[in-house]
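Asks: Here is how the chains run, residue by residue.
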Amino acid sequence: MSEFQLFALFVVAAITGMASVLDEAQFHRPIIACTLTGLVLGDVTTGVILGGTLEMMALGWMNVGAAMAPDAALASVVSAILVIVGHQSIGAGIALAVPLAAAGQVLTIFVRTITVFFQHLADKYADEGNMRGIEFCHFAGLMLQALRVALPAVAIAMVAGTDTVNNALASIPEVITRGLQVAGGFIVVVGYAMVINMMNAGKLMVYFFLGFLIAVFTDVNLIGFGAIGAICAYFHIKDMQTNIAIEEAAKTGGGGSAVEGDDIDDSELM
Amino acid sequence: MEEKKVTKNDLFWTFVRSNFLLGSFNFERMQAIGFCVSMMPILKRVYGDRKDELKKALKRHLEFFNTQPFVAAAIMGIIGAMEEKKANGADISDATLSGVKVGLIGPLAGVGDPIFWGTLRPVLAALGAGIALTGSLLGPIIFFVAFNVIRLATHWYGVKYGYEKGTELVENIGGHQMHFLTEGSSVLGLLVMGALVAKWTTVNMPLVISEYDNALGDHVVTTLQSILDSLMPGLVALLMTFACMWLLKRGINPLIIIIGLFAIGIVGYAIGLFA
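Sequence lines, in order, name chains A and B.
Position one of the first sequence corresponds to residue 1 (the numbering used here), numbered consecutively onward.
Position one of the second sequence corresponds to residue 1 (the numbering used here), numbered consecutively onward.
No lab work stands behind these hints: they were computed from the structure.
Everything hinted at is true.
Derived pair list, reagent style DSSO-like, types lysine-lysine, alpha-carbon separation capped at 27 Å: (1) B:Lys51 <-> B:Lys4; (2) B:Lys56 <-> A:Lys124; (3) A:Lys124 <-> B:Lys59; (4) B:Lys44 <-> B:Lys160; (5) B:Lys55 <-> B:Lys4; (6) B:Lys5 <-> B:Lys56; (7) B:Lys8 <-> B:Lys59; (8) A:Lys203 <-> A:Lys238; (9) A:Lys124 <-> B:Lys51; (10) B:Lys85 <-> B:Lys160; (11) B:Lys44 <-> A:Lys124; (12) B:Lys8 <-> B:Lys86; (13) B:Lys59 <-> B:Lys160; (14) B:Lys86 <-> B:Lys55; (15) B:Lys86 <-> A:Lys124; (16) B:Lys249 <-> A:Lys203; (17) B:Lys85 <-> B:Lys56; (18) B:Lys55 <-> A:Lys124.
The following residues of chain A were derived to be distant from chain B, with all beta-carbon distances above 12 Å: (19) Met1; (20) Leu6; (21) Phe7; (22) Phe10; (23) Val11; (24) Gly42; (25) Ser89; (26) Val154; (27) Asp163; (28) Asn166; (29) Leu169; (30) Ser171; (31) Lys251; (32) Thr252.
Have a look at the derived ranges for each label pair, beta carbon to beta carbon: (33) A:Ile109 <-> B:Ser98: 24 to 30 Å; (34) A:Val159 <-> B:Lys165: 52 to 58 Å; (35) B:Lys85 <-> A:Met158: 52 to 58 Å; (36) A:Ile109 <-> B:Asn204: 35 to 41 Å.
Note that the Cβ used here is the ideal one computed from N, Cα and C, for glycine as well.
Chain A extracted, bound-state conformation (with noise of 0.2 Å):
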């Protein structure tokens, strides 16, 4: 690997481990941090496929309240970098990303512990009324975060490829890999079912198993799904808006019609 490729891989690397923690321009999603790397190693369609394939794994993996998502930056850029340098199989790069998935984990808790020590020097500064100060812990955390994707990603990058990491990996039993590999098609559902339990679904699970027998029994497409989904979100607004005009009509001990649904102005749907 020539200095530019490590030098460029350190960079997105630490684009993906920043985003992580900021969780917002979804660099690290498997998606787009497998893309990148792909990008920067040369084989950008394995990096696709690959992180396309990860990002079905990771569908659920969402940071709620305190709680901490399993770390998709470092698994995708490592398994991106072990896929592509390593020349393993995508089902091998699925199998490698939870442990690393779990060792990301592990290390973003210890930055965000290291952190603690920078809120108090903020408080200090504070005192001091200096901003500058402020902002330069801000961003001293996030750099942390950066590095701690970035050095282990160029750290693997440097051996991944050489005939020890290659006869390591090569020695993994066949039926391990395509064991993981089937397990990959289904691995999926725990994404699903972290959506489905955030969502609190309860009685809107009706709507879970429309969309499922439609999809077993049609070939409506997702962008179909998203139309329809849509569609039985306008309605159930709608029921909603009907069934609280008609609370309060029975609060207020209303006279005249109970139903009033139609009052309701439709532009409060969207």
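For this one, chain A is given, so just place chain B on it according to the hints.
Replies: Relative to the frame of chain A, chain B by itself:
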């Protein structure tokens, strides 16, 4: 004393900084430094000539803060409007400011989490990933562009309307419209999730149950998969999803479940149950 007024330029820089809210996330006060740094353009404008007030304001905004990062922009706008009033002599105490801020964390995260993490990202990511599996760059590009356009719009209009409407918006957040928005997006998200469980989960069980030649002389092979498919295609994926939901509700770490599924895949492949 001349009237302090936040300019559009200040709001713009708060918007820019709001993109880095979680940069210094830590386990003690979470997004506190990020919130303070995002508020600086506004604080500098309204307290720039009174160092003591500025110090107090900086300290105020280093208090605990943690919400969904996109909707946090609206809180920045609202607090910006309140700080401006305070700087112009309105009787707004520190406790009121903290109260509004902390009071908004929960309801806004309650709206932002299901919409952005529960619906928008999984739906766009699944769409992008489906295209990416064919090796097309269009997959990542669609995901990235669509998500970020919506995200940046949420940030900018959050800061802008938060500032313009100020505390007026606080009342709206508890109202019906937010509830409609949350439930509506959950409906859409769940419908798409149902479709994904059926379409993009691959389970193949080629285990042969019976094999015979029928009266016409055709060789008929019945596999476990063909029996399950005649009952309901996608049934195994559906049951697996429910099992995972149940395990997750019992507080099992998702990575443990993933490792468990890998083990099932390896064992299943070894004994010929899966292929």
